[in-house]
Amino acid sequence: MDYDKLGLKVGLEIHAQLDTKKLFCSCATELLDDQDFSFMRRLRPTMSELGEIDPAAKDEFKKGMENLYKTSIGHSCLVYADEEPPHDPNSEAVTILLQIASMLKADIVDKIHFMRKVVIDGSNVGGFQRTALVALNGKAFSEYGNVLIPVICLEEDAARLIETSGKTKIWNIDRLGTPLVEIATDPSMHHPRQARDIALYLGQVMKATGRLKRGIGTIRQDVNVSIIGGARVEIKGVQELNLIEECVINECVRQVNLLEIQKELKRRGVATINENTHDVSSVFEGTACKIINGPVLGIRLTGFSGFLGTEVQKGRRLGTEMADYAKKYVRGIFHSDELPSYGITPEEVGLVKEALAVGDGDAFVLVTGSKSICRLALKEVIHRAHLATEGIPNETRRPLPDGNSQYMRPLPGRSRMYPETDIYPVVVSDAELKLLQENLPQLPEEKIKRLYSNYGITPENARKILEWGVEDAFVASQERYNMAFGKFLRLMETLVMLSRDMKSAAVDRDFLLYSFMEAHEPLPLESYEEVLRHMAEHSTGARETISSIGISRASDDDIRKIIRSVIKENSAMLEGRGKQAFKPLMGMAMAKLKGKCDGKTISALLKEELEKEH
Amino acid sequence: MQVGDLIRVKKGQNTYEGILMPFENELDDKFITIKLENGYNVGFKLEAVSVKVVRKGKPFSATMPKVDILHKKGLPDIAIIGTGGTVASKIDYMTGAVYPAFSPAELLQLVPELGDIANISGKEILSIASEDIRISDWKNIGASIIDQFNEGCKGVVVTHGTDTLHFTSAMLSFMLRGLQNPVVMVGAQRSSDRPSSDAAFNLVSSVNFSRTDCKEVAVCMHSSLNDDHCLIHRGTRVRKLHTSRRDAFVSVNCPPIAKVMGAKNIEFISSYKNNAEGDLYLDDAIEEKVALIKTYPGARDIVAAYVDKGYKGIILEGTGLGHVPMTLYDEICRGIEEEVVFGMTSQCINGRVNMNVYRGGRMLKEAGVIPLEDMLPETAWCKMCWVLGHHSDYSEIKEAMLADVAGEIRPTSRIDTYDIGRW
Ligand SMILES: [Zn+2]
Numbered sequence: 001m002d003y004d005k006l007g008l009k010v011g012l013e014i015h016a017q018l019d020t021k022k023l024f025c026s027c028a029t030e031l032l033d034d035q036d037f038s039f040m041r042r043l044r045p046t047m048s049e050l051g052e053i054d055p056a057a058k059d060e061f062k063k064g065m066e067n068l069y070k071t072s073i074g075h076s077c078l079v080y081a082d083e084e085p086p087h088d089p090n091s092e093a094v095t096i097l098l099q100i101a102s103m104l105k106a107d108i109v110d111k112i113h114f115m116r117k118v119v120i121d122g123s124n125v126g127g128f129q130r131t132a133l134v135a136l137n138g139k140a141f142s143e144y145g146n147v148l149i150p151v152i153c154l155e156e157d158a159a160r161l162i163e164t165s166g167k168t169k170i171w172n173i174d175r176l177g178t179p180l181v182e183i184a185t186d187p188s189m190h191h192p193r194q195a196r197d198i199a200l201y202l203g204q205v206m207k208a209t210g211r212l213k214r215g216i217g218t219i220r221q222d223v224n225v226s227i228i229g230g231a232r233v234e235i236k237g238v239q240e241l242n243l244i245e246e247c248v249i250n251e252c253v254r255q256v257n258l259l260e261i262q263k264e265l266k267r268r269g270v271a272t273i274n275e276n277t278h279d280v281s282s283v284f285e286g287t288a289c290k291i292i293n294g295p296v297l298g299i300r301l302t303g304f305s306g307f308l309g310t311e312v313q314k315g316r317r318l319g320t321e322m323a324d325y326a327k328k329y330v331r332g333i334f335h336s337d338e339l340p341s342y343g344i345t346p347e348e349v350g351l352v353k354e355a356l357a358v359g360d361g362d363a364f365v366l367v368t369g370s371k372s373i374c375r376l377a378l379k380e381v382i383h384r385a386h387l388a389t390e391g392i393p394n395e396t397r398r399p400l401p402d403g404n405s406q407y408m409r410p411l412p413g414r415s416r417m418y419p420e421t422d423i424y425p426v427v428v429s430d431a432e433l434k435l436l437q438e439n440l441p442q443l444p445e446e447k448i449k450r451l452y453s454n455y456g457i458t459p460e461n462a463r464k465i466l467e468w469g470v471e472d473a474f475v476a477s478q479e480r481y482n483m484a485f486g487k488f489l490r491l492m493e494t495l496v497m498l499s500r501d502m503k504s505a506a507v508d509r510d511f512l513l514y515s516f517m518e519a520h521e522p523l524p525l526e527s528y529e530e531v532l533r534h535m536a537e538h539s540t541g542a543r544e545t546i547s548s549i550g551i552s553r554a555s556d557d558d559i560r561k562i563i564r565s566v567i568k569e570n571s572a573m574l575e576g577r578g579k580q581a582f583k584p585l586m587g588m589a590m591a592k593l594k595g596k597c598d599g600k601t602i603s604a605l606l607k608e609e610l611e612k613e614h
Numbered sequence: 001m002q003v004g005d006l007i008r009v010k011k012g013q014n015t016y017e018g019i020l021m022p023f024e025n026e027l028d029d030k031f032i033t034i035k036l037e038n039g040y041n042v043g044f045k046l047e048a049v050s051v052k053v054v055r056k057g058k059p060f061s062a063t064m065p066k067v068d069i070l071h072k073k074g075l076p077d078i079a080i081i082g083t084g085g086t087v088a089s090k091i092d093y094m095t096g097a098v099y100p101a102f103s104p105a106e107l108l109q110l111v112p113e114l115g116d117i118a119n120i121s122g123k124e125i126l127s128i129a130s131e132d133i134r135i136s137d138w139k140n141i142g143a144s145i146i147d148q149f150n151e152g153c154k155g156v157v158v159t160h161g162t163d164t165l166h167f168t169s170a171m172l173s174f175m176l177r178g179l180q181n182p183v184v185m186v187g188a189q190r191s192s193d194r195p196s197s198d199a200a201f202n203l204v205s206s207v208n209f210s211r212t213d214c215k216e217v218a219v220c221m222h223s224s225l226n227d228d229h230c231l232i233h234r235g236t237r238v239r240k241l242h243t244s245r246r247d248a249f250v251s252v253n254c255p256p257i258a259k260v261m262g263a264k265n266i267e268f269i270s271s272y273k274n275n276a277e278g279d280l281y282l283d284d285a286i287e288e289k290v291a292l293i294k295t296y297p298g299a300r301d302i303v304a305a306y307v308d309k310g311y312k313g314i315i316l317e318g319t320g321l322g323h324v325p326m327t328l329y330d331e332i333c334r335g336i337e338e339e340v341v342f343g344m345t346s347q348c349i350n351g352r353v354n355m356n357v358y359r360g361g362r363m364l365k366e367a368g369v370i371p372l373e374d375m376l377p378e379t380a381w382c383k384m385c386w387v388l389g390h391h392s393d394y395s396e397i398k399e400a401m402l403a404d405v406a407g408e409i410r411p412t413s414r415i416d417t418y419d420i421g422r423w
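These protein sequence lines are chains D and F, in that order.
Reminder that position 609 of the first sequence reads as 609 in the numbering used here, one-by-one numbering, no gaps.
Reminder that position 129 of the second sequence reads as 129 in the numbering used here, one-by-one numbering, no gaps.
No lab work stands behind these hints, which were simulated from the structure alone.
Small disclaimer: the values here were computed from a predicted structure and weren't measured.
Ideal Cβ positions, reconstructed from N, Cα and C, are used throughout, including at glycine.
Keep in mind that the hints are not guaranteed to be accurate.
Unchecked claim - In silico EDC-like pairs for lysine to aspartate or glutamate, Cα to Cα no more than 20 Å straight-line:
{"hint": "1", "chain 1": "D", "residue 1": "Lys58", "chain 2": "F", "residue 2": "Asp92"}
{"hint": "2", "chain 1": "F", "residue 1": "Lys30", "chain 2": "D", "residue 2": "Glu526"}
{"hint": "3", "chain 1": "F", "residue 1": "Lys30", "chain 2": "D", "residue 2": "Glu52"}
{"hint": "4", "chain 1": "D", "residue 1": "Lys111", "chain 2": "F", "residue 2": "Asp247"}
{"hint": "5", "chain 1": "D", "residue 1": "Lys70", "chain 2": "F", "residue 2": "Asp228"}
{"hint": "6", "chain 1": "D", "residue 1": "Lys63", "chain 2": "F", "residue 2": "Asp247"}
{"hint": "7", "chain 1": "D", "residue 1": "Lys169", "chain 2": "F", "residue 2": "Asp29"}
{"hint": "8", "chain 1": "F", "residue 1": "Lys45", "chain 2": "D", "residue 2": "Asp107"}
{"hint": "9", "chain 1": "D", "residue 1": "Lys111", "chain 2": "F", "residue 2": "Glu113"}
{"hint": "10", "chain 1": "F", "residue 1": "Lys11", "chain 2": "D", "residue 2": "Asp430"}
{"hint": "11", "chain 1": "D", "residue 1": "Lys117", "chain 2": "F", "residue 2": "Asp92"}
{"hint": "12", "chain 1": "D", "residue 1": "Lys434", "chain 2": "F", "residue 2": "Asp247"}
{"hint": "13", "chain 1": "D", "residue 1": "Lys63", "chain 2": "F", "residue 2": "Asp29"}
{"hint": "14", "chain 1": "D", "residue 1": "Lys600", "chain 2": "D", "residue 2": "Glu479"}
{"hint": "15", "chain 1": "D", "residue 1": "Lys58", "chain 2": "F", "residue 2": "Glu113"}
{"hint": "16", "chain 1": "F", "residue 1": "Lys58", "chain 2": "D", "residue 2": "Glu52"}
{"hint": "17", "chain 1": "F", "residue 1": "Lys45", "chain 2": "D", "residue 2": "Asp430"}
{"hint": "18", "chain 1": "F", "residue 1": "Lys264", "chain 2": "D", "residue 2": "Glu66"}
{"hint": "19", "chain 1": "D", "residue 1": "Lys70", "chain 2": "F", "residue 2": "Asp247"}
{"hint": "20", "chain 1": "F", "residue 1": "Lys45", "chain 2": "D", "residue 2": "Glu526"}
Claimed, not checked - Per label pair, the in silico range of CB-to-CB distance:
{"hint": "21", "chain 1": "F", "residue 1": "Asp116", "chain 2": "D", "residue 2": "Leu376", "range": "45 to 53 Å"}
{"hint": "22", "chain 1": "D", "residue 1": "Lys62", "chain 2": "F", "residue 2": "Leu70", "range": "18 to 26 Å"}
{"hint": "23", "chain 1": "F", "residue 1": "Gly74", "chain 2": "D", "residue 2": "Lys328", "range": "34 to 42 Å"}
To be verified - Computed from the model, here is a short list of chain D residues facing chain F with C-beta under 10 Å:
{"hint": "24", "residue": "Met40"}
{"hint": "25", "residue": "Thr46"}
{"hint": "26", "residue": "Glu66"}
{"hint": "27", "residue": "Ala81"}
{"hint": "28", "residue": "Asp82"}
{"hint": "29", "residue": "Asp110"}
{"hint": "30", "residue": "Arg116"}
{"hint": "31", "residue": "Thr320"}
{"hint": "32", "residue": "Asp402"}
{"hint": "33", "residue": "Gln406"}
{"hint": "34", "residue": "Met408"}
{"hint": "35", "residue": "Leu411"}
{"hint": "36", "residue": "Pro412"}
{"hint": "37", "residue": "Arg414"}
{"hint": "38", "residue": "Ala431"}
{"hint": "39", "residue": "Gln580"}
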């Protein structure tokens, strides 16, 4: 894809949890599933000076939604139950933000004002998230071009939704108030690769402070994507760095395809969507389709024939997107481009077409459930069909594990923000800032330079080490364990492969790394995977593992003996093929010495022995 | 350059545009705060920036769309009187300033449930910080309440800052004679500009209770950390016992009157006054020279200071059963000689004073200090102000202080009313 021609624009918003106490009290920020205290709240929309009340908030309140907040006594105090005013802002968190802002060469404000951002979904007990802009106009660097960072903020993380049952949302407030650094770039990135590199760079800057929380969900990335003629789509909460590039690529594909559909619909003259829903339940009396057991309602989508089955992303069709909208009410939809199927017969399809007056160029959608639910679901389908005629809807989408995404909700409007009057603004002292800036953690580029100039490795390998986040271990491998770089590289590649393979957060990388380096000396490269896998599976140290699975490096003499025996057994072949016998002999020696010795040594010794034969 | 103007701030290489925000205080003029287009406020050191006005701003105004309110037949007329402390408010999202909302239209928009239970009228008569309330304000509030009843209201709700809410409720309990209908005082512990505020629920509950046949001054506040029901406390028996929690108000030495589930049902817990005595009037004869003094070990001079200033009455908040250190004994005796009336309450808050058990107590009682039984110190202070407005003879004063006027004093101590800090 030619991204320049598409006019791709990508922006990133990264949130990372700080490993400190909470932002406005001194409670711990560790997650805790034990709960022995709860309280119930209803959030009520507030009114602006113009007498305006947010309709979404009003709607939520009218529905009678209740929030049950759970916590553990001793883990959460009154502040985050909104029963006590916030304490002074966590000065540690402010300092970390100043560090990050300085590393990004941003313009730090002289006085930090905390604001309340109204959030009425219950995720914040008070009904707002506190947030402060700490610095403006930072810069991030990548090979594809640099990016401006208009805002760097310090904010509070939200409570964790445990479950929704009926009108009650149940939350755990352990995470609420955890300080978050928020870094937003301007939407100027023009290549998926650039988005990935910038995210990586920002991640490294933040991590350089040594004060980020680690583990799943501690860093969340929102990716904004648009192309010419498209719309801004936000993919919210991408947790893995590797997925960012794919997400952007897949979203480009999606927008290109949706624009194509729009063009074709226009060509076919489809401008309005028929909004008449019909009860076609009678068609399905005694149907073989197991999904249907109740009323079935349908609509005709005039001029949509073929589009519902058109892929917009790999494995996802326009029909899938309609189903995502309808999912607010039903589990899925049936559409004409996929029927007959699911036990629905061609005869039934024919009858539906008749009932809905579906012509050749038309499509139809069916849903099943109670009649009122069906009507609501079809309304969503109609809405999405209408949006298809307009092009690309402004949406917030949820990332899927394969790099695709799924509709979550319409893109929210600008949030309502007003000053947090309970907190006195923080004045950034010049002296403190100067001291902090003189002692900044090293930036990624500086670290890369230091690694390759000090240890004689290539810049690419230095970058790899940084990406893996194992600078300390690498330095130890060089200075403490005298490990050849090739071996360290193999060790890390094996670990990366294992952690993907075993999909287990329980693989304690640092333990495996250091324990392995300590005992690596006699091990051939070929045995790394076996040893490390065994260590990870059994949580045992390297020495113990090596002795328990019986891997040891054969002595050069032993190897020589085995090689000689191989030569002897194959003296006939040697006679016949001369130097060409090396390859088959090497293969046989490797097989005999598997796991006891590396190939390089075998090859060297075999060469020596063959020389002697001549 | 004025607050509200769009200004351009140049700081080094960078230029920022935003709306000029108010300065926080006089001392703060070293910084300039602007609201950026993205909604954030940021502050810059004035000496480090150059500032230019881009566009003059419009003055902030708090206007309301006009809404016609229908008078619903079958629903009682309830008046809401505002005295400060915003139980319902609008936020200026620009400055963060909070304006009280008192027109019926605003109240109904913010708290729509009110429209289902009453025809609401609203009036703000005072706008002061709770701690600054004065005796003249209480007279004013009392008169307004009478006016509302005279205009035919079925009940009156008074919104009030929480710090001194229990002083006002006690004072009104004495001043409002011959109540025919409820007067319900209500406040909010968490500001009404936050979606999690207790204000609206408290207001709904208080309006709901103001429709009952209770003929007392009551206080309506959250019962727990949950937004599920409020408690109705007797005006003379309630005290703020927590600085910030929404269930800070607690009935002391007696159970609350009722439980109110918002706009829904009301569950009575204990007996209340439902028979009227005579006609409604405001009895606001008040003696202002009354002090409330908390004693402490080794205390000196604190009684003499008031005696020398010509105070007529002093409520002592003694220790335990009603004791003061001997260091104050002579000062109290001199006060009594100079015809100052002393009443004894306890800083234990819960329980009844008894000045017979220890020698110190007996000496003070013999000297003429009146033990005020199970009366709260703040209530006793209000009552002394009111009683001294009517009597000057010591024995009349003593009799009046010990007579039950508004449920503030009882001869028996209930066995079940102290459950603070139980584990
Ligand atoms: Zn806390």
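Do the hints match the structure? See the list:
With a C-alpha separation of about 18 Å, the suggested pair Lys58/D and Asp92/F falls inside the 20 Å cut-off, and the hint holds. A distance of roughly 68 Å separates the Cα atoms of Lys30/F and Glu526/D; the hinted pair therefore is violated under the 20 Å criterion. With a C-alpha separation of about 35 Å, the suggested pair Lys30/F and Glu52/D falls outside the 20 Å cut-off, and the hint is violated. For the hint pairing Lys111/D with Asp247/F, the CA-to-CA distance comes to about 35 Å; that exceeds 20 Å, so the pair is violated.
Annotation: proposed proximity of Lys70/D to Asp228/F holds, straight-line Cα distance about 16 Å (limit 20 Å). Only pairs whose Cα atoms come within 20 Å are accepted, and Lys63/D paired with Asp247/F is rejected, the gap being roughly 26 Å. Pair hint Lys169/D plus Asp29/F does not hold up; C-alpha atoms about 46 Å apart against a cutoff of 20 Å. As the CA atoms of Lys45/F and Asp107/D are separated by approximately 13 Å, the hinted pair is consistent with the 20 Å bound.
In summary, the hint linking Lys111/D to Glu113/F is not supported, as the alpha carbons are separated by about 42 Å, beyond the 20 Å threshold. Taking the CA atoms of Lys11/F and Asp430/D, the gap is about 15 Å. The hint holds against a cut of 20 Å. At roughly 13 Å between alpha-carbon atoms, Lys117/D and Asp92/F fall within 20 Å of each other, so this suggested pair holds. Pair hint Lys434/D plus Asp247/F does not hold up; C-alpha atoms about 46 Å apart against a cutoff of 20 Å.
Proximity of Lys63/D to Asp29/F is assessed by CA-CA distance (about 47 Å); at most 20 Å being required, the pair is judged violated. The hinted pair formed by Lys600/D and Glu479/D fails the criterion: a straight-line CA distance of about 24 Å is larger than 20 Å. Between Lys58/D and Glu113/F the CA atoms are separated by roughly 13 Å; this keeps the pair inside 20 Å, and the hint holds. With a C-alpha separation of about 19 Å, the suggested pair Lys58/F and Glu52/D falls inside the 20 Å cut-off, and the hint holds.
For the proposed pair Lys45/F and Asp430/D, the alpha carbon gap of about 11 Å is at most 20 Å, so the pair holds. Straight-line distance between C-alpha atoms of Lys264/F and Glu66/D comes to about 16 Å, which keeps the hinted pair within the 20 Å bound. A distance of roughly 18 Å separates the Cα atoms of Lys70/D and Asp247/F; the hinted pair therefore holds under the 20 Å criterion. This hinted pair does not check out: Lys45/F and Glu526/D have alpha carbons roughly 63 Å apart, beyond 20 Å.
At roughly 27 Å, the beta-carbon separation of Asp116/F and Leu376/D lies outside the given 45 to 53 Å, and the hint is violated. Taking 18 to 26 Å as the suggested C-beta distance range, the pair Lys62/D and Leu70/F conforms, at roughly 20 Å. A C-beta distance of roughly 39 Å is found between Gly74/F and Lys328/D, which places it inside the suggested range of 34 to 42 Å. The interface hint given for Met40/D holds, since its Cβ lies 4 Å from the closest Cβ of chain F, which is under the 10 Å cut-off.
The beta carbon of Thr46/D comes within 6 Å of a beta carbon in chain F, closer than 10 Å, and the hint placing it at the interface holds. This hint holds: Glu66/D has a C-beta 8 Å from the nearest C-beta of chain F, less than the 10 Å allowed. For Ala81/D, the interface hint holds, the least distance from its beta-carbon to any beta-carbon of chain F being 6 Å, beneath 10 Å. Hint status for Asp82/D: holds, given a least beta-carbon distance of 5 Å to chain F, under 10 Å.
With a cut of 10 Å, the hint placing Asp110/D at the interface with chain F holds, because the nearest CB-to-CB distance is about 4 Å. This hint holds: Arg116/D has a C-beta 8 Å from the nearest C-beta of chain F, less than the 10 Å allowed. The beta carbon of Thr320/D comes no nearer than 34 Å to any beta carbon in chain F, farther than 10 Å, and the hint placing it at the interface is violated. Given the 10 Å rule on beta carbons, the hint for Asp402/D is violated: about 34 Å separates it from the nearest Cβ of chain F.
Hint on Gln406/D is violated. Least Cβ distance to chain F is approximately 28 Å, over the 10 Å limit. This hint is violated: Met408/D has a C-beta 22 Å from the nearest C-beta of chain F, more than the 10 Å allowed. Nearest Cβ of chain F to the Cβ of Leu411/D: about 16 Å, over the 10 Å cut. The hint is violated. Interface restraint check: Pro412/D against chain F, minimum CB-CB distance 13 Å, threshold 10 Å, status violated.
At about 7 Å, the closest approach between the beta carbon of Arg414/D and any beta carbon in chain F falls short of 10 Å, and the interface hint on this residue holds. Checking Ala431/D against chain F: minimum C-beta separation of about 14 Å lies over 10 Å; hint violated. This hint is violated: Gln580/D has a C-beta 70 Å from the nearest C-beta of chain F, more than the 10 Å allowed.
Hints 2, 3, 4, 6, 7, 9, 12, 13, 14, 20, 21, 31, 32, 33, 34, 35, 36, 38 and 39 from the earlier list are contradicted by this structure; the remaining hints agree with it.
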